[in-house]
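Protein sequence lines correspond, in order, to chains D and A. If you read the first sequence in the working numbering, its first letter stands for residue 1, the second for the next number, and so on. If you read the second sequence in the working numbering, its first letter stands for residue 1, the second for the next number, and so on.
Hints are not guaranteed to be accurate.
Pulled a few chain A residues facing chain D out of the computed Cβ check, cut under 10 Å [to be verified]: (1) G17; (2) P169; (3) L172; (4) L173; (5) A175; (6) D179; (7) S182; (8) R185; (9) D189; (10) F190; (11) L194; (12) K196; (13) E224; (14) D242; (15) R243.
Distance condition first, Cα-Cα at most 20 Å in a straight line; then the derived PhoX-like pairs of lysine-lysine [as the list claims (entries may be wrong)]: (16) A:K166 x A:K107; (17) D:K154 x D:K102; (18) D:K154 x D:K168; (19) A:K177 x A:K166; (20) D:K329 x D:K315; (21) A:K177 x D:K102; (22) A:K62 x A:K74; (23) D:K131 x A:K196; (24) D:K154 x A:K177.
Listed next, with one range per pair, are the computed distances between beta-carbon atoms [unchecked claim]: (25) D:N69 x A:S182: 15 to 25 Å; (26) A:M21 x D:I106: 54 to 64 Å; (27) A:P169 x D:D269: 45 to 55 Å.
Hints in this document: simulated from the structure, not taken from any laboratory. These numbers come from a predicted model, not from an experiment. Here a beta-carbon is modelled for each residue, glycine too, at the ideal position from N, C-alpha and C.
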Amino acid sequence: MSFLELQNITKIYPNGTKAVNETSLNIDNGEFVVFVGPSGCGKSTLLRMIAGLEDITGGEISLDGNIINNIDPSERDVAMVFQNYALYPHMSVFNNMSYGLKNRGISKEEINNKVNDVAKLLEIDQLLTRKPSMLSGGQRQRVAMGRAIVRNPKIFLFDEPLSNLDAKLRNQMRLEIKKLQRQMGVTSIFVTHDQTEAMTLGDRIVVINNGVVEQVGTPKEIYSKPNTKFVAEFIGSPQMNLFQCKIENGLAKISDMQINLNNSLNIQDACIGVRPDDILISDQGEYSSSANLVEYLGSDMIIYSSVGGQEFSCKLSSKINLKAGDNFKFDISPSVLHIFDNTSGQRA
Amino acid sequence: MTRYISSTINHCILLIGLLIMIVPVWIIFASSTHSSLFINTNGLQFFLGDNFIENYSRVLFKKSGFFNEITALKMFFNSFIMATGIATLSVITSLMAAYGLVYFKIKYATILFWLIFMTLLVPLELRIMPSYIVMSKLNLVNTFAGLILPISASAIATFFFRQFYKSIPDELLEAAKLDGTSSWRFFIDFLVPLSKTMIAAVFIFMFVFGYNQYLWPLIMTTSEQYWTVVMGLKTMYGSISDRFAFVIMSMIPPVVIIVFLQKLFIQGIFQNK
Numbered sequence: 001m002s003f004l005e006l007q008n009i010t011k012i013y014p015n016g017t018k019a020v021n022e023t024s025l026n027i028d029n030g031e032f033v034v035f036v037g038p039s040g041c042g043k044s045t046l047l048r049m050i051a052g053l054e055d056i057t058g059g060e061i062s063l064d065g066n067i068i069n070n071i072d073p074s075e076r077d078v079a080m081v082f083q084n085y086a087l088y089p090h091m092s093v094f095n096n097m098s099y100g101l102k103n104r105g106i107s108k109e110e111i112n113n114k115v116n117d118v119a120k121l122l123e124i125d126q127l128l129t130r131k132p133s134m135l136s137g138g139q140r141q142r143v144a145m146g147r148a149i150v151r152n153p154k155i156f157l158f159d160e161p162l163s164n165l166d167a168k169l170r171n172q173m174r175l176e177i178k179k180l181q182r183q184m185g186v187t188s189i190f191v192t193h194d195q196t197e198a199m200t201l202g203d204r205i206v207v208i209n210n211g212v213v214e215q216v217g218t219p220k221e222i223y224s225k226p227n228t229k230f231v232a233e234f235i236g237s238p239q240m241n242l243f244q245c246k247i248e249n250g251l252a253k254i255s256d257m258q259i260n261l262n263n264s265l266n267i268q269d270a271c272i273g274v275r276p277d278d279i280l281i282s283d284q285g286e287y288s289s290s291a292n293l294v295e296y297l298g299s300d301m302i303i304y305s306s307v308g309g310q311e312f313s314c315k316l317s318s319k320i321n322l323k324a325g326d327n328f329k330f331d332i333s334p335s336v337l338h339i340f341d342n343t344s345g346q347r348a
Numbered sequence: 001m002t003r004y005i006s007s008t009i010n011h012c013i014l015l016i017g018l019l020i021m022i023v024p025v026w027i028i029f030a031s032s033t034h035s036s037l038f039i040n041t042n043g044l045q046f047f048l049g050d051n052f053i054e055n056y057s058r059v060l061f062k063k064s065g066f067f068n069e070i071t072a073l074k075m076f077f078n079s080f081i082m083a084t085g086i087a088t089l090s091v092i093t094s095l096m097a098a099y100g101l102v103y104f105k106i107k108y109a110t111i112l113f114w115l116i117f118m119t120l121l122v123p124l125e126l127r128i129m130p131s132y133i134v135m136s137k138l139n140l141v142n143t144f145a146g147l148i149l150p151i152s153a154s155a156i157a158t159f160f161f162r163q164f165y166k167s168i169p170d171e172l173l174e175a176a177k178l179d180g181t182s183s184w185r186f187f188i189d190f191l192v193p194l195s196k197t198m199i200a201a202v203f204i205f206m207f208v209f210g211y212n213q214y215l216w217p218l219i220m221t222t223s224e225q226y227w228t229v230v231m232g233l234k235t236m237y238g239s240i241s242d243r244f245a246f247v248i249m250s251m252i253p254p255v256v257i258i259v260f261l262q263k264l265f266i267q268g269i270f271q272n273k
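The following block holds chain D by itself, in its conformation from the complex (with noise of 0.2 Å):
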C-alpha cells in the first residue's frame, strides 16, 4: 500500500464545474511528485483536496494508511506553501514559524529549538524578529518554507511557490527545495504549470489537463514517451513540432514530405511529433525547406521553418552559420518519432 494514495477522486463545484474527474494516484513515502498542467486544470484544486481546504466530492483519499476524507486540515498532518506565501502579516519571522507548533501545545523550550534550527537550516536565523513586511521575496519563500519544515509533517505541499520570484531567484530556490527534499525526505507534492520546473525537481510528474490524469511518470518516460498528444506538446521547450499528416503501410505524408515509419500502421488523421533538437540539418539531408526566422539562445539557436504550410522549429548548435532565408536540408530519423492517433490524441 502506498503512502498516499488517491482513488477516484472527483471535485463538481456548487455551479456545476467539473475541476477533477476520478482522478487515481499512488505516491510512495519519500518520493517527490509534480503535478504540471496549464492553468484552470485542477491540479490546484486536487493538492488543496489532499490538504482538506476543498471538499471532496467523491473518492477517497488516504495518508499512511488512514482516510482522511473527512479529517479536519489540521489533523492530517500536512504542511503547505502557497504562491504568495500568506504570511501572518502581523506576527515576527519567529511567531510565524512557531504560531503551528503552539497551537499543538508543543513546550517553549522544545520551539524555541525547532525553529532556530530551521532557520538556520533556511539561513534566517538573522531574521527572526522581523515582520514579514521587511523581508525581500526570496527570504518570505524560505520564512514559508521554514514554517511547513518546522512542524515535521508527513506531507509538503507547494502551490506554485515559485511563480512570484524573479527567473533568477526561482533558479536558485528550485535547486534549494530540491536539495532540501532529498535532505528531509519527506514526501512532497509540488504544484506548477512551468514544464522546467516539472522536470527538475520530481522524481515523477503528474501531466493533468481538463481535471484528467494524461500521464504519471519519471521526467525522461514523460519527455521520451509522452503518451498522449497533449503530453507531447506541454512539455519539452521548445514546443514540440506536430505535423498533421496520413500514414498508410508505415509511410507517413506531410504534403511532399514523405516519412518511412518502418512499420505498418494505417491511420487516416494521424499527427508526427518531432522534438526541435531531433531534427538532424546535414548538407546530406533527406528534405530541405527554408529558414523564415532565426532565434539565437547563446549556445544553441531555434530556427523556424515551415513544410507543406505546417510550421516547425528545430533546435541546434549556433556554430552553424545559417541565416534567416536560408536554404538547408535536414532528417528525420523514424526512431524520434512519437506518432498519435488524432482521434483520440492517444500514442500509437
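For chain D, the structure is supplied; the task is to place chain A on it using the hints.
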C-alpha cells in the same frame, strides 16, 4: 515667483480657516479666566484674566443641577463611562458580527448584512419610545447599562470591519487552518490584531458619538447622579464665566481620546504596510 505667490495665497486661506476654527474657542477660554462681573461689564475677552484656577475649581467641585446633587467632575465621570462603554461594546459587537458574516457559511449572509445596514436609516430618536420601554421593563432606567446598551451596536462599524475582512486573502485563513487554529483563535490571533487600525478609528468615532449623546441620557435618567456633560451644558445654571469654563472642559475628553488614539492609528498603518 508665481509659485511663491500661489503658495502664499494657499497659506493665507489655510490660516483663515484655522482662525475661524480656533478664535471662538480661544475667546471662550480667555473669557472663562475672568470673573463674571468683569465679563458682564466689559463683554467677551480676548486676553487671559487671573481667575483661571478659581473659576475652574469652582465649576469642577461645586454642586449644581436642579437639586444641587451633582458636580461637574461627576458628570465627566458619567460621560466617560458612557462614551467608553458605547465605544468598547460597538467595537466588540461589530467585530464579531463582521466575523460571522464574512467567515462563516451563513445562508443569506448578504441579506442579513443589508438588514443590519438598514438600521442606519432608523436613528435612535425614531425608536426612542420602544427603546425606553424595553429598558424600563428591564429595570435599567437610571443605570449605566441603560445608557449604554441601546447604542452599543453600530451598523456602520460592522460595515467597515466587513469590508476589511473581505480584503484579507483567503490563504491567510487556510494557512492558519493548517497550523491548527480554531475559529475562536483565528479571531483573536489574526483578525483582532490585523484590524488594530480600524479598531482605533471605530473607537474614536463611537466615543465621540457616545459622548455627544443628549436626548437618550435625558430620557433614561431621572436621577441627577447619572447626568452627563452634554446634559450639564444645558442645565448648568452658574455665572457666565462658570459656563464658559464648563464648555472648555467639556471639549477636553474627546480631544484627548483622539490625540491618544491617533498615535496608535498612525503606528498601525505603518506596521501593517
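Results for each hint:
A cut of 10 Å between beta carbons decides the hint on A:G17: the least distance to chain D is about 36 Å, and the hint is violated. With a cut of 10 Å, the hint placing A:P169 at the interface with chain D holds, because the nearest CB-to-CB distance is about 7 Å. For the restraint placing A:L172 at the interface with chain D, the shortest Cβ-Cβ distance is roughly 5 Å, inside the 10 Å limit, so the hint holds. The closest approach between the C-beta of A:L173 and any C-beta of chain D is roughly 9 Å, which is under the 10 Å cut-off, so the hint is satisfied.
A least Cβ separation of about 4 Å between A:A175 and chain D falls short of the 10 Å threshold, and the interface hint therefore holds. Evaluation of the A:D179 hint against chain D yields a held restraint, the C-beta minimum of about 4 Å falling below 10 Å. The beta carbon of A:S182 is positioned within 10 Å of a beta carbon in chain D (closest approach about 8 Å), and the interface hint is therefore held. At a threshold of 10 Å, the smallest CB-CB gap from A:R185 to chain D is about 7 Å, leaving the interface hint in force.
At its closest, the beta carbon of A:D189 sits 8 Å from a beta carbon of chain D; the interface hint therefore holds under the 10 Å criterion. Below 10 Å, beta-carbon pairs count as interface contacts, and A:F190 has one with chain D at about 7 Å; its hint therefore holds. Satisfaction of the interface hint for A:L194 is found here, the shortest Cβ-Cβ separation to chain D being roughly 6 Å, below the 10 Å cut-off. With a least beta-carbon distance of about 8 Å to chain D, the hint placing A:K196 at the interface is held under the 10 Å criterion.
With a cut of 10 Å, the hint placing A:E224 at the interface with chain D is violated, because the nearest CB-to-CB distance is about 46 Å. About 49 Å separates the beta-carbon of A:D242 from the nearest beta-carbon of chain D, more than 10 Å, and the hint is not met. Interface hint status for A:R243: violated, as the beta-carbon distance to the closest one in chain D is roughly 47 Å, over 10 Å. Under the criterion of a C-alpha separation no larger than 20 Å, the hint pairing A:K166 with A:K107 is consistent with the structure, at around 17 Å.
The suggested pairing of D:K154 with D:K102 holds, with an alpha-carbon distance near 18 Å, which does not exceed 20 Å. Taking the CA atoms of D:K154 and D:K168, the gap is near 30 Å; set against the 20 Å cutoff, the hint is violated. With a C-alpha separation of about 17 Å, the suggested pair A:K177 and A:K166 falls inside the 20 Å cut-off, and the hint holds. Distance check on the hinted pair: D:K329 and D:K315 sit about 14 Å apart at the alpha-carbon level, within 20 Å; holds.
Between the alpha carbons of A:K177 and D:K102 the distance comes to roughly 13 Å, so the proposed pair stays at or under 20 Å and holds. With a CA separation close to 10 Å, the supplied pair A:K62 and A:K74 stays within the 20 Å bound. About 16 Å separates the Cα atoms of D:K131 and A:K196, which keeps this hinted pair within 20 Å; it holds. Pair hint D:K154 plus A:K177 holds up; C-alpha atoms about 16 Å apart against a cutoff of 20 Å.
Taken as a hint, the range 15 to 25 Å holds for the pair D:N69 and A:S182, whose Cβ atoms sit roughly 21 Å apart. A hinted range of 54 to 64 Å holds for the C-beta pair A:M21 and D:I106, which are about 57 Å apart. Range check, A:P169 to D:D269: about 47 Å between beta-carbon atoms, so the 45 to 55 Å window is met.
Violated hints, in rising order: 1, 13, 14, 15, 18; the structure is consistent with all others.
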